[in-house]
Amino acid sequence: MKIKFKRQREAFTLIEMTIVLFIISLLILIVIPNLANQRNNAKSIHGTAMESVVQTQIDSYLNENNDDKVTYGVLINKGYLSEKQARQAQKDGIKIIDNNAKK
Numbered sequence: 006m007k008i009k010f011k012r013q014r015e016a017f018t019l020i021e022m023t024i025v026l027f028i029i030s031l032l033i034l035i036v037i038p039n040l041a042n043q044r045n046n047a048k049s050i051h052g053t054a055m056e057s058v059v060q061t062q063i064d065s066y067l068n069e070n071n072d073d074k075v076t077y078g079v080l081i082n083k084g085y086l087s088e089k090q091a092r093q094a095q096k097d098g099i100k101i102i103d104n105n106a107k108k
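Counting from 1, position 75 in the sequence shown corresponds to residue 80 in the numbering used here; the numbering is continuous, with no gaps.
One thing to keep in mind: the hints can contain errors.
[Said to hold, decoys possible] Within a straight-line C-alpha distance of at most 35 angstroms, the following computed DSBU-like cross-link-like pairs (lysine-lysine) qualify:
| hint | residue 1 | residue 2 |
| --- | --- | --- |
| 1 | K108 | K83 |
| 2 | K89 | K100 |
| 3 | K74 | K96 |
| 4 | K83 | K48 |
| 5 | K96 | K107 |
| 6 | K96 | K48 |
| 7 | K107 | K74 |
| 8 | K83 | K96 |
| 9 | K108 | K89 |
| 10 | K100 | K74 |
[To be verified] Taking CB as the label site, the calculated pair distances span:
| hint | residue 1 | residue 2 | range |
| --- | --- | --- | --- |
| 11 | L34 | K83 | 49 to 55 angstroms |
| 12 | V36 | K89 | 29 to 35 angstroms |
| 13 | N104 | L26 | 57 to 63 angstroms |
| 14 | Q95 | N39 | 29 to 35 angstroms |
| 15 | D64 | V25 | 53 to 59 angstroms |
| 16 | V79 | A54 | 55 to 61 angstroms |
| 17 | A54 | E21 | 47 to 53 angstroms |
| 18 | N46 | F17 | 38 to 44 angstroms |
| 19 | S49 | D73 | 29 to 35 angstroms |
| 20 | E69 | A47 | 29 to 35 angstroms |
| 21 | K96 | F27 | 41 to 47 angstroms |
Since the hints were made in silico from the structure, they are not lab data.
Remember, predicted model here, so these are calculated numbers, not experimental data.
Yeah, the Cβ is synthetic: ideal placement off N, Cα and C, and Gly gets one too.
Generate coordinates for the entire structure from the input sequences, incorporating the hints supplied.
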């Protein structure tokens with residue numbers, strides 16, 4: 006009587022590894038464009054929110070003071086905006102024109 010020994014599998018085959026890498030590649034192709042879109046949406050929302058913050062602070066300043074012209078320097082000196090907020094707003098391209106925050 007012959008005894009057959011079965012070979013034990015100790016590692017993945019080349020086909021199994023190829024299939025796993027293919028699936029991972031597909032998942033990456035699906036996820037990365039979505040992340041880029043989410044980042045762009047977040048930047049857009051952040052810019053709109055920052056514009057709203059600056060406009061709110063301009064309105065608050067004008068309600069409490071009788072100045073004709075509002076600048077970032079005035080808002081910082083009077084405590085309506087922090088320097089960090091003003092830098093970020095200017096970095097986002099928000100300008101104060103005729104006492105209105107505009108992008």
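Hint check:
1. K108 <-> K83: holds (23 angstroms)
2. K89 <-> K100: holds (15 angstroms)
3. K74 <-> K96: holds (21 angstroms)
4. K83 <-> K48: holds (28 angstroms)
5. K96 <-> K107: holds (13 angstroms)
6. K96 <-> K48: Holds. K96 to K48 sits at ~12 angstroms (cutoff 35 angstroms).
7. K107 <-> K74: holds (15 angstroms)
8. K83 <-> K96: holds (21 angstroms)
9. K108 <-> K89: Roughly 18 angstroms between the alpha carbons, so the hint for K108 and K89 holds.
10. K100 <-> K74: With a Cα-Cα distance of about 13 angstroms, the restraint between K100 and K74 holds, given a limit of 35 angstroms.
11. L34 <-> K83: 49 to 55 angstroms: Holds, at about 51 angstroms.
12. V36 <-> K89: 29 to 35 angstroms: holds (32 angstroms)
13. N104 <-> L26: 57 to 63 angstroms: holds (59 angstroms)
14. Q95 <-> N39: 29 to 35 angstroms: Since the Cβ atoms of Q95 and N39 sit about 31 angstroms apart, the hinted range of 29 to 35 angstroms holds.
15. D64 <-> V25: 53 to 59 angstroms: holds (58 angstroms)
16. V79 <-> A54: 55 to 61 angstroms: Distance hint for V79, A54 is violated at roughly 22 angstroms.
17. A54 <-> E21: 47 to 53 angstroms: The hint (47 to 53 angstroms, Cβ to Cβ) holds, given that A54 and E21 are roughly 49 angstroms apart.
18. N46 <-> F17: 38 to 44 angstroms: holds (39 angstroms)
19. S49 <-> D73: 29 to 35 angstroms: Hint holds: Cβ distance 32 angstroms, inside 29 to 35 angstroms.
20. E69 <-> A47: 29 to 35 angstroms: Given about 33 angstroms between the Cβ atoms, the range holds.
21. K96 <-> F27: 41 to 47 angstroms: holds (42 angstroms)
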